[in-house]
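**Q** Sequence:
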Amino acid sequence: MQYNRNDLDFHRGTFRVRGDVIDIFPAYDEYAIRVEMWGDEIENISEVDALTGEVRAEKEMAVVYPAKHFVTTYDKLEKAVIEIKSELKDRLATFRQENKLLEAQRLETRTHYDIEMMEEVGYCNGIENYSRHLAGRKAGERPACLIDYFPEDFLTIIDESHMMIPQIRGMYNGDHSRKLTLVEHGFRLPSALDNRPLQFEEFQSIIKECIFVSATPADYELEKSGGVVVEQVVRPTGLMDPEVIVKPVKGQIDDLIGEIHRRVEKKERVLVTTLTKRMSEDLTDYLSELNIRVRYLHSEIDALDRVEIVRGLRLSEFDVLVGINLLREGLDLPEVSLVAILDADKEGFLRSKRALIQIAGRAARNVEGTVILYADKMTDAIKGLVGETERRREIQRRYNQEHGITPETIYKTTEEIMALTSVADVRSGSFVSERSHDSLSKMEREEQVELLEREMLSAAQKLEFERAAELRDEIDAILGKQKTSPGKLRYPRRKR
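So for the sequence shown, the working numbering puts the first residue at 626; every next one is plus one.
Result set (DSS-like, lysine-lysine): computed pairs, CA atoms no more than 30 Å apart in a straight line:
(1) Lys892 to Lys875
(2) Lys693 to Lys710
(3) Lys902 to Lys891
(4) Lys902 to Lys971
(5) Lys1067 to Lys684
(6) Lys1002 to Lys872
(7) Lys1087 to Lys693
(8) Lys978 to Lys849
(9) Lys891 to Lys872
(10) Lys902 to Lys875
(11) Lys763 to Lys710
(12) Lys891 to Lys875
(13) Lys1008 to Lys872
(14) Lys1002 to Lys978
(15) Lys804 to Lys763
(16) Lys693 to Lys714
(17) Lys1008 to Lys971
(18) Lys693 to Lys763
(19) Lys763 to Lys704
(20) Lys701 to Lys804
(21) Lys804 to Lys693
(22) Lys902 to Lys872
(23) Lys693 to Lys704
(24) Lys714 to Lys804
In case anyone wonders, no lab produced these hints; they're calculated from the structure.
Here the structure is a predicted model, which is why all the values come from computation and not from measurement.
Can you build the whole structure from these sequences, using the hints too?
**A** Encoded structure:
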C-alpha cells in the first residue's frame, strides 16, 4: 500500500500507531481514518480530523486505496526486475565500449539501488521511470492515459485551442529532450524515455469528437472542422468589438499620455502592451514620474501576484497597467476602455494577427472600448485585425438595431471584484471584508472555506500557529461564527 509509519509528523500517505489505535491518513482524502483494536479484532472505525483529532463520523467500514500511483502485483514486479537487469546489462556494455566509465558507474549504482528498494518495499523514488517494464509495454509503445478509461462516445472540449494545441504538440518533445540528457549521462536507463506524454499523433488517434473553443482559431482547428465554424460574435450586453485606430510611431508616448489623461478623467483604465520587459519597465518609470498611477506585469511575477495586480487595476488603486504578453486570454476587465499597442508594426509572435486580436479583446467589455495601434506601416497582421474587427462590429451593430439593444458596460461592485479575486487573499494575508462575505454565493463560500482550510492545516503543520489562527478566524467569519478565543486553534468544521 506504500503508506509510511510516522508517529510524529502525521500527513497524507502516512499512518501512526498509538497503543491499540491505528490512524491512517489517505493520500487522497482530507480526513484520517482511525481503527481501534481489541487484541486482533477491530472494535471501531471512525473518520477523524487529522489536525484536531475530533471524531467526525463513525464508520461501519472504510476503504483505503494505495498511497502511490504505481502499484502492481509481486509477479509483475519480479518480471519487471528481470527486464530492468537485462536492459542495465546491455546499457553498461554500451557505455564501457564507448569508454564512458563514469556514466556506467553512475547508472549501475543508481539502478541497483532502485532494484533493491523495489524488491524490499515494492517501491523506489522515481519508479515511474521504470513504468514501461512494470506495465509490460514494448519499447516506444504509447503509455496508458486517463482517456483510455472513458466510454466510447466521449466528447473533448479544448478551450483556448489556439494555445492548447501547440502545448499538446510540444509536450512530448520537451519531455524527450530533458530525459534524453539524463539517459546519455547515465542517470537513467533508455526505458525512462517511454515514461512520457502522448505524442501529438497519438493524441489525435484517441480523440473522437472534439470541440475547439477560441476567439482566434489557428489553421489546424479550421482544417479539422472542415470549415464548419460556429461564431459567437454577438454579446448579450450588446457590446461591440472595440474601435481600432492606427497612429504613427513618432510621438507615440506623448500621444499615449494624452489618451491616458482623457481616460483617467472619466475614471476608466488603460492597458499598454510593449515588446520587451525592459521597455515596459522604462515606460512604467516614465509614466510614474508624470504622476500617473501605473504598474507593470511580466512573466517573472507569479500567478497569485498577477491576480492581486489585476484586482488593484479594477479597484482603481492605479489607472494604467503595462505588460508584454500577459494581457491576453482570460482577462475580463470592464473598467478598461483603452488598449494601446506600442510598435504594432514590428512583425513577430507578439504582433501576429491572433495576438493582436486577443490583446484588442481586452477592451471589448467597455462600451467606450478603443484600441490604438502605433505603427508606421500596415502589416498583414494589422490589416487582419482591422478587417476582422470591422466584420464583427458590423454583425453586432446590425443585431443590436434589429433587436433594439443598447450596448451597456456591466460593472461589478467592489465586493464582487474582491470575491472574484479572493485567491490572492490567501497568499497576501489580507482577507475579504465581512461585507463581501455576504455577497458570496453558497458555492463560492464553500470553495473559499476549503481553500483557507488547506492553508490553515499547512500553516499548523509548519508550526506557524499565528498564521493558522488568522486563517481560522477568517473561516469563522465566512461561516458567520464567533471568533475563537486567542490561543485555541480548534473550531467546529463544516459538514460536507
